[in-house]
Amino acid sequence: MRRSIEELRAFYGEPSGALVRRLLARRLDNAWGEANDCDVLGLGYATPWLDAFVGARRVVAAMPGGQGVEPWPLVGRNRSLLVDDRRLPFTAGSFDRILLIHALEEADDARALLAEAVRALAPAGRIILTAAARGGLWSRAEATPFGHGRPFTRGQLERLVREVGLEPTAWSQALYMPPWPPLLPLADGFEQVGRHLFPGAAGVIMLEATRQAYARLPVNGATRTVRGRTPAMAPQPATQMPGSARNDLDGSPERP
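Residue numbers (this note's numbering): 1 to 256.
Calculated from the structure, these hints are not laboratory results. Predicted model only: the values in this text are computed from it and were never measured. Hints may be right or wrong, so weigh each one.
Computed spacing ranges between beta-carbons, pair by pair [to be verified]:
hint: 1; residue 1: Glu34; residue 2: Gly13; range: 19 to 27 Å
hint: 2; residue 1: Asn36; residue 2: Leu74; range: 39 to 47 Å
hint: 3; residue 1: Pro199; residue 2: Ala143; range: 22 to 30 Å
hint: 4; residue 1: Arg134; residue 2: Asp109; range: 15 to 23 Å
hint: 5; residue 1: Arg87; residue 2: Leu197; range: 38 to 46 Å
hint: 6; residue 1: Leu197; residue 2: Arg22; range: 34 to 42 Å
hint: 7; residue 1: Arg134; residue 2: Met1; range: 17 to 25 Å
hint: 8; residue 1: Pro123; residue 2: Trp180; range: 43 to 51 Å
C-beta atoms are modelled at their ideal positions from N, C-alpha and C, and glycine is treated no differently.
Let the hints inform the model, and build the full structure from the sequences given.
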């Protein structure tokens with residue numbers, strides 16, 4: 001069963017939640033910046049981060065039925081809606097960027113949820129999956145949203161995205177600090193040291209992916225799969241991605 005919208009709102013109103021919001025926002029800024037001229041979808045409970053996409057053409061917050069929904073943003077026209085996460089109410093290719101946070105861990109069928117997200121993703125779109133890390137302390141902290149449902153390893157997320165026709169292009173980790181309030185002031189130090197010395201202690205994994213291939217229909221009606229030829233579509237470590245540094249989720253090299 002998913003955490004309720006009241007529980008999620010309460011957590012992100014506490015100091016621990018504010019810290020999580022800040023640390024993950026840093027990774028998202030390095031990856032997508034302000035998402036200029038993009039249509040952005042947040043799926044799960046992504047509203048703590050959606051305000052940052054000020055350059056986006058459109059931003060929508062879709063919240064699963066088992067969780068509940070809250071109005072967002074607080075000022076202006078509402079852009080949040082309650083959805084069946086296995087049948088999203090969007091036409092194919094509607095969004096250039098899709099962010100999943102607090103979506104996969106408690107989904108009844110994570111693959112079906114992700115397949116629907118991919119259906120709504122534009123052909124050249126990018127998607128970021130954010131999930132509790134199986135080996136981290138945050139996945140064992142029931143007082144946080146990350147301590148419920150199924151945590152993931154990096155390998156499990158990579159297999160999941162490949163099953164729905166995506167290819168991983170970049171990844172990062174965050175929340176190396178144990179989920180203990182007295183350590184909150186030391187969080188930035190933990191992030192700097194942990195990623196080099198204790199990579200397995202991260203509380204959250206963030207994986208970016210793009211479409212792996214597309215289907216071409218020849219004259220005879222037989223379908224054949226054609227690999228994408230764009231460099232950004234080819235599988236390669238985040239530290240070797242061509243182009244801007246924003247292809248690395250945290251703006252600096254990650255260990256494989």
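Which earlier hints turn out false for this structure, listed by number in ascending order?
-> 2 and 6
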